[in-house]
Every structure is written in C-alpha cells, then in structure tokens.
Amino acid sequence: MSAQYAMIIDSSRCIDCRACVAACKVANKVPEGFWRNWVKQSLPVPVAGKPGRGHFQPGACMHCEKPSCVTACPTGATYKDASDGIVKIDPKLCIGCGNCIPACPYGARYRDPVRRIADKCNYCPERRAQGLAPACVDTCPTKARVFGDVNDPESEAGRLLRANTNRLVRVVNTKTDTQPHMYYLAATAPLDWPAEAVIRPPMAALIKAVTPGVSALVGLAAVGVAVMAGREFLAGKSKDHEPRDRS
Amino acid sequence: MRKNLVAMLTLALMVLAVVGLALAEGNGNARKGKYLYRKSCRGCHAAGGAASDLSPNSHTQAEWKKLFAGWESIKCANEWKALSDEERNDIFTYLHDFAADSPSPAKCS
Amino acid sequence: MPDQSHRRLTRRSFLKAACAGTALAAAAGQTKVLSGLVAEAGAAAAPWQSKFSACDMCFNRCGLIARVENGVVTKLDPNPKFLKSRGMLCAKGNAGIAQLYDPNRLKYPLKRVGARGEGKWQRIGWDEALDLAASKMKEIGEKHTRCGMWFTAGSDLQSQFVTRFAEVYGSFNVTSHESLCLLSNNRAFLDTFGEVPFADVLNSKYILMAGANRFEALVTPDSIDLMTAMREKGAKLVVLDPRYTKTAALADEWYPIRPGTDMAFMLALSHVIITENLYDAAWVAEKTSGLEELAAHVARYNPEWAEAECGVPAADIRRIARELAAAAPEAMVYPGRRSSDYENSTQIRRSFAIVNALLANWDRPGGLLGAREVGLKKPGYDAPWYDDNPPERADAGRAPMMFEEDGSYVLMREAVLSGEPYPVKGWFVFKTNPMQTAPDQGKTRRMIDTLDFMVVVDITMSDTAYLADLILPAPSYLERCDPATALQGSSACACVVQRDPVVPALFESRPVFDILKGLAGRLDLAEFFDFDIETYRAQQLAGLTGAKEALEQDGVYYNPSKVYGIYEGRIYKTLSQRIELFNKRYDQMGLDPLPVYSPPKKGPDKALRLVVGRSAIHTQSSTQDNALLNELEPTNALWLNPADAAGLNVADGEAVEVASSAGKGRLPARVTPDVPPGLVYMATGFGSISPTLTHIHGNGCSIASLLADGYDAISGNAALHETFVTVTRSAS
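Those protein sequences? They're chains E, A and C, same order as listed.
Using the working numbering, the first residue of the first sequence is number 49, and each one after it goes up by one.
Using the working numbering, the first residue of the second sequence is number 2, and each one after it goes up by one.
Using the working numbering, the first residue of the third sequence is number 17, and each one after it goes up by one.
Simulated from the structure, these hints should not be mistaken for laboratory data.
Treat each hint with caution, since some may be false.
Derived DSBU-like pairs: lysine-lysine, alpha-carbon spacing no greater than 30 Å straight-line [what the hints assert, rightly or not]:
id, chain 1, residue 1, chain 2, residue 2
1, E, 98, C, 617
2, C, 249, E, 98
3, C, 393, A, 33
4, C, 97, E, 98
5, C, 589, C, 303
6, C, 393, A, 76
7, C, 249, A, 33
8, C, 249, E, 77
9, A, 76, C, 589
10, C, 252, E, 98
11, C, 617, E, 191
12, E, 191, C, 97
If you want a taste of the chain C side facing chain A, the calculated C-beta under 7 Å gives, among others [as the list claims (entries may be wrong)]:
id, residue
13, 295
14, 390
15, 417
16, 419
17, 420
18, 590
Quick caveat, the model's predicted, so the values are computed rather than measured.
Glycine included, C-beta positions come from ideal geometry on N, C-alpha and C.
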C-alpha cells in the first residue's frame, strides 16, 4: 500500500499557545498577513464551578482523500501525490487564478502575494528531508500532534489511528465531505466551521470539458506564457488574499 | 573576703556575658563585614581552598553566634587576632545576617 | 521524534573567534540580512548548519537548535534532549528570529542631544560612548558617593556581571526586575519551608491553582507537565481566578474567586483540614512548628465565612479541602510565580504554603520540591571597600523583609525622587523596561527627570531607553557568548545551559559584558573584569565531570542529583529549623506570624479594579514589537463585563478612556463575560511612547500608565492589582 501522510491531533491537549502557528510561519516563510495553519477555539460562556469546557482545535490543510481544491484547479498544479497522499502545489504549473481558495472548505489556502501562486501546508518537505518532523509537530509544547504515514501500522500515527478507530473525529462540511486526513482524537470543537466547497462555475465547466488534457497543455511553452500573464493579471486584482479569519 | 571574690567573679562573668552579648548582637556593618570576610577569610575558606568552603548560609544564625562567642578556640584564631573587635563584629554581622535561616540566605561570591 | 544526536555541530572554531572578539559585528548591514531572509528556497538544497543555544524570549531558557543557512538563522527548533521544556519551543521561542533580524533594533551607540523624551539622538562611536559613561559615573561617585549610582538589570545570563560591576564600582543600589514579579511569593515560601520550592506537577494528582495561569503564562516544565498530568495521569486541576483564562477554560473546575480574597479560601482549607483531622499528624509533628497556633488561628475562618468573602460556595471549599487532602501528598496548592498583586501578597502566599505544609506536600513525588543540586560554581572576586559610602541601600528600611540582591523598584524610585536617605543621581539599566512594566509611569518619568545621568543597554529602543542620556546597543541571545547557567526543572531535571554565538553580532551591538569591561578599564577597575566569558565558564563548570562534553554534544548538562527526600537529615532554614506554619521571625518583628485576613480595599464608587496578566504570545513588555508575535497578538484591549459595558453604554470594540490615580489611557473595549462585573483586565506592553517601536508606538495602552504604585508591605514587591479605574466611552 502506498503511503498516506496524515496528522492525528489530540485537541484536548491544545492550550492555544500558537507555537505551531509561529513555527510554521517561520519554517515556510509565510508572508505577513497569511498563515498556513491555525488554532480555532470553542469557549462557551463560562459557568462557575463547572468544568472550564474550553476547547482549542489546531488545524491546517487536511490533505483530503477527495480534495475539492484538486477539482477546482484548472491547470493540474494542485494534485494529490499518489506516493505519499500529500496534496501538493506545483509552483511551475500554478497560474495563481485563486480558484482553489474557495474550493477548500477549511480555508487552508491563500495566495502568496510575493510568489503569486496558491500556497498551503505541505507537511514541511524540506524538514522531512533532513529527518525532522514538520515544524508544527516538532515545536508543539503539549505534543498534541502526531504526524506520520497512517498506512504504516508501525508508525506512531498508524498505531494511534488503529487504536482509536471508533473515537476519531473528522471536521467536515457534510455537503462537501472531502474525507480529510486530519484526525482528531476522541472529541474536538468547534465542528461547525468548514464551509461548503465552492468551485467557480466557468472553471467547473472548463474542467468538465478538458480535465484530462489540461496539465499536458500547460506544459507547452506557448501556454506557459499565458500562465505567466494570467498570474500577473489575477494576482493583481483578486481580493482572495485578504488575511484570513483565525477566529 | 570570700564573699568579695564571689562578687568579683560574678561581676567578671557578667561583664564577659555582656561583652559576649554585645558581640552576638551583631549590629556591626554587614557590608564592611562582607568585604573583610572576603579579604581575611575567603583566601582559605573557598572551594578548593586550604579550609572548608564557608559562606554565610553554611550555618544557622545560632551556629554563627556560638562560633563567634568562642572564636579564640577555633583553628585559625591567630589570624583572627589581627582583626580589631569592630572588624570581627562586622564579619560576624555579615555571616549572621545572611545565615542559612536568615531572611536572605547568601552564598559568598 | 527524529534523533538529533547524529547531527555534527561544526561550530568550535567559529565560536573561538566569536567569543574572543568583541565587535565582529559592524560589517553585516541590515538590508543584506533581510534580503537573506526572504531569499528563495532554491539555496536550501545545501543542508543547514545546526547550533545549540538557549532561548531568551522569556526567563525559561528552553534549549534550542538554531538552523543556519548561508550565515542566516532560518529556523529555531526545540532541542529534543532538553528535558526542562519537554523538548518544545513556544511561539515566542519561534519568534526569536524576528528579534535577531528586527529592523527596529538599536544599531550603534546613541547620545541624547535634545531634551529628555524629545527623541533627538546623535550616533557616536563606542570609545566616545564608554568615555562618556565612565566620566559620568566617576563624577557621580565623587559628588554623591558611589551609592549615587543605581544599577538595574533584567533577567539575563549576563546580568550577574552588572551586579559584579556595581559591587566593584562601589554601589549597594542594585535592583533586579524581580520586585515587579515574584518576590512576595518567594518570601512566603522561604519563610515557611526555608526555601523557594519547585512544583512536581507531573506526578501530582490534584493541583489547586490560584493566582497563576500556567497554560498562558508558560513556565517550564510546569505548563507542559500540567497537561501531561491531566491527560495521561488523570490529575485534577481546580482553578481559582476572577478571569476566565485559558487555564480556567481547560480546568476540571473553575471558580471566579473575588479578586484579593485567595487568602480567605486558603485559610478555610486549613480550617477544614485541621477540624476534620485530614492532615498527616505524624509528619506535621515531626517536621513543622506552630500547629497549635495555626489551629487556634483558623478556628474562626470556616468555609461559610470564606464563602461570604471570596464567593466560592462553602460546600465546594469543604469538598476541595477533602479532595486535596485525600490526594496528598501527591497534591499541591500550586505556589505560582508572579505575585506582585496586593499589599499583603506575602501573607496571601503564606496561606498557600501553609496548606501544603499541613498536607505534607513536600519533598516527595507530586508535591513541592526543594532545589536540586546542580553544582555550577560561582567564580569569586574581592570587591574593594569604599569608606565614604553610606551605610545602606537607598531603599533599605522601607519594607521589613526585602531581598538584598533584588531590592525594590518602587521603593528605590521613592528614594531617588525624595533624595532620601541620600542622593542617587545615576542609573545604569540593562535589558529591563520599567517605563512599561512598573506601576505609575508618570512617577518613573519624574524620577528619571531628577537624574544627572542615565544609560540604557538594550536590543531595541524601549520606552525606558527612549528617556536615557546614552543608549548602548546589545546583541540578541543568538549573537553572543554567555556564561553557563543552572536551571531547576523540578522532577524533570537539574541542568546547565550556556550560549555560544549562532551568528556574529549584528550592527555595532556589544554584549553588556564587553560594555562593563570597557567601563571597568576606564574606572581603574580593570582587575575585576580581567577575564573572558570562556574562562569564566570554565571556572563555573570546574568539578562537574562531563559537563563540558555534554554541553557540546547535547546542548545541555544534567546533574543526576537527588530529587526526593533531600531534606532527610537536613534542617529547614528557618528560625525554628522546621517548616514554619507559625513564623517565628515575623512574630519577633511585629508582623503577623500567621496570615490574618483583611478584605481587599474597596475602590471609589463606580470604579473598577484593574488586573493584569499574561498571554502565551508575549513576555512582559519585551516582545510586543516583535514582528511575528505582534502579528499573532497585535494590540491590547480592555476586557469589560457585559453588565459593566451596558452601564457605561460601551459596545464591544469601541474605544474607551480609562483613568486611575496614576494616569489615563485609551484603548478599545473587549466586552466579554470572561471577566466578572467590577473587574477589568488588559495585557502588558502596548501603547509605547518610543517611536522606533513601530508596531506598538501609539497602539493600545500601557499598563504602566494606569497602575498605581502600591507595594507588598513585607517584601517591597510591587502590588499591581490594587488599582481602581474609571471607564468612559471615548468621545471621538
């Protein structure tokens, strides 16, 4: 079986210190105003004497089984790598059209204003190449995150996943369940925040017509010029790169 | 005569006790005492020195009192003789005021 | 967790050069560095260099590994072998790079040329700067005795050199930052157990936390171990805090105790424990003194009385007392850290310590532990004696139980302002920022105006530096050679860390050690600074077998010293030589030997009590201008209960004017049930007056501008929670 890298998160251990957010930002040189990951919080109105009931939920790209961002991408720049299950962006193919951004129900993507392409969590390949865990995992004070190949029963992630099959919680929008590979142990909150994936109509039509051929097409030099022009045009005008709400 | 002797002895003892008390009372200059301690004692009483590594917090206040009350009988009493009463009292005050059970236990640096 | 040990650290030759020299800095221009930072990852193909260091973004000193690419630090990672932090690095630690490459850093010595606070500076060379500082110090020493110079150093591995310098220069007037922090807590535990304990949170089954917010105000290993104890070992956490902090949010139980009434709760715990015989009678009889007096003292403090004072239901107090006693000795009333809260903070914390003593939560797993042996030596020196000096510190005698090595900032300020008992006219400040962290900013400002000379050594132009006559740029912790330091990590470890430069010092910055050495040379004190830090470190580590090698190989040395039972056969360092429920010395000094409850002061009509605290993103006032941390937490707001907000006609997000006896400020309101009616909260470190701190200049409001300058009657520690404010909707 090929690998499926995933994150198993015990969000009940998260204290919202945002070490993961800072570590990711530095490791991946994420530009000012943008983030590849977040901590959401659920803090019901406090009641004296009762358990605090607060819950902090770390998140990022969920590297879904059925990624709607891949569907929305007109050039094939966004793809799910069959070898490791990681949803990746090929910077050479991305035209910065921004279609993938609303297509992600989790708000995991942004358009990098410097490189003018889409960006999101990629599980820190540079760090893994040097034998290190992704920055957010490595730095986490309470070790709320476990990263690894869940298809490998020997890995800690695989072991945790198997040991907790009936206790795993996925955070999804039921209308567009992308089958995320980010698993929360036992319980998590808030659960109601994923949006419905929006795949922009013109692009959807285009994809329907030409999907198999698109990535081959953009490889052609002539189209490559169009890609560059498209990047300039789209990145300059779109407002999709507003700072995202980290609630 | 015998009565007189007893009285004189009593007086002498009382004087000694008062002097002892005055010394034990401290109220010398602890800061000067720290300086003098480092200058006069620390040469030997240090880590790797000829004598034990001593700091104010090596003893309790009661122990320092006892030690100073009978300073003439300690090993390095000869060196102590070079100090004036005032200087000795300053050193005592330093060691006593920063003793292990003092409000600010201190390690001599 | 990948193993780091195989990563060869090829840093020795570089370090030798970096440690020996003083100013390797000048060449590296800021622009060059910044462009290096945003360079594309194309160059990242070459493996990065890894270098050990210890974080300095707060006082915890977490072990870290710096990743360096082409001479630029690109990432700071936790050192997985560093047990005290449990191999983590928090948001602040990760943002150390933003401190190193902060474009707002001080770059060269600056001499004030305009009026104080006008912000007009002239760039000068180091020789001129040191000549100026030395001549001023000489002048002040001659005119006012050497105690006319005051030295203040923040928490830093090189602060010990400031103390050393002050002593050899001849001034008794040294204050640490600690009188704005934790001295009353230290006082209370020292005066109960004879030392300041460390909490074995990891092995505790029941943790009662009051006056502490461990999931936001991170302390290692406590913060981490608290979560592990709760989630892996089923420990129970009960939090008392008027504010619904993140610690409260994650607790098993939380009570919004009325501010300033923790002592009522703790006395009632003692009452229940004694009246119901829940304590370990044999242990108490053997190790403590004063049980009879305590029993008589707390007889009147029953839970019903406490409920009326603190607002926690009597039935819950009773139950918590029983649960705590049942879990003892693997239980604790957590001692806390910052206790600069009330004018009776020492007595409040004494009431915490007493419950622990009654329940024998001491020197055993899961309770409070004495300091472990680390074995680091403190190199000695003989300071000269100056006969003309006054007999005492200038702040002496204003509080009965101050710490000689820490003093009291607020009391020293009084002494300087009044000129009594003698004039203090010079101030040397290293890496601490009382203009932002000490109560009553206006008073600090007035005090500064009475000085003849003020020099500040810091990384950025803090609000305190902004008022100096001379500002000297210091490098960050990633650019310098630092002495070794001993760290206590409770049951996790007793360890030593040190720092070598990860990169050479930027701009013209110089470590405070080099500055002091330069000053000593100009003041005929060279003999006291005739060493370098490498030699000093060798003296510190002498006799610690394997320490040098461990530091090189793992970035940390552990002393496998005894953890539990270290008091067996040892006396307690108190007057009675036992754990003192009843404090004998307090009794002799005319202080309450047992904590006597008095209700918190009431504010004027309609006034709200202001409290301050921490988040996990910022450290005191030192990180708010850090670009990364500022992005995570960009400003502060006044937390206001909806009922108070409705009464004041203030909506969430609206600007409010806040006024106290000390001053006033303006900031947005955050209307939230997370604070109770009658209480407001704001975070530290915003509303800076220094314009070079571009992220926080004029952004938010400084706590120092509002806090009144009360202090703890016993220790002289500042009392930051005794301030009442009036809040009005902002006109504009």
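Do the hints match the structure? See the list:
1. Of the supplied pair hints, the one linking residue 98 of chain E and residue 617 of chain C holds, its CA atoms being roughly 29 Å apart against a limit of 30 Å.
2. In summary, the hint linking residue 249 of chain C to residue 98 of chain E is supported, as the alpha carbons are separated by about 21 Å, within the 30 Å threshold.
3. Proposed proximity of residue 393 of chain C and residue 33 of chain A is supported: the alpha carbons are some 24 Å apart, at most 30 Å.
4. Taking the CA atoms of residue 97 of chain C and residue 98 of chain E, the gap is near 38 Å; set against the 30 Å cutoff, the hint is violated.
5. For the given pair, residue 589 of chain C sits about 12 Å from residue 303 of chain C by alpha-carbon distance, which is consistent with the 30 Å threshold.
6. At most 30 Å may separate the alpha-carbon atoms for a hinted pair to count; residue 393 of chain C and residue 76 of chain A meet this at roughly 26 Å.
7. Under the criterion of a C-alpha separation no larger than 30 Å, the hint pairing residue 249 of chain C with residue 33 of chain A is inconsistent with the structure, at around 54 Å.
8. Distance check on the hinted pair: residue 249 of chain C and residue 77 of chain E sit about 38 Å apart at the alpha-carbon level, beyond 30 Å; violated.
9. With a C-alpha separation of about 26 Å, the suggested pair residue 76 of chain A and residue 589 of chain C falls inside the 30 Å cut-off, and the hint holds.
10. Among the hinted pairs, residue 252 of chain C with residue 98 of chain E is consistent with the structure: their alpha-carbon atoms are about 13 Å apart, no more than 30 Å.
11. Distance restraint check for residue 617 of chain C and residue 191 of chain E: the Cα-Cα separation of roughly 43 Å exceeds the 30 Å cut-off, and the hinted pair is therefore not satisfied.
12. Pair hint residue 191 of chain E plus residue 97 of chain C holds up; C-alpha atoms about 15 Å apart against a cutoff of 30 Å.
13. With a cut of 7 Å, the hint placing residue 295 of chain C at the interface with chain A is violated, because the nearest CB-to-CB distance is about 24 Å.
14. Here the hint on residue 390 of chain C is broken, as its CB sits about 13 Å from the closest CB of chain A, past 7 Å.
15. About 5 Å separates the beta-carbon of residue 417 of chain C from the nearest beta-carbon of chain A, less than 7 Å, and the hint is met.
16. Annotation: interface hint on residue 419 of chain C holds; nearest CB of chain A at approximately 6 Å, less than 7 Å.
17. Evaluation of the residue 420 of chain C hint against chain A yields a held restraint, the C-beta minimum of about 5 Å falling below 7 Å.
18. Hint on residue 590 of chain C holds. Least Cβ distance to chain A is approximately 6 Å, under the 7 Å limit.
Of the numbered hints stated above, those contradicted by the structure are hints 4, 7, 8, 11, 13, 14, listed in ascending order.
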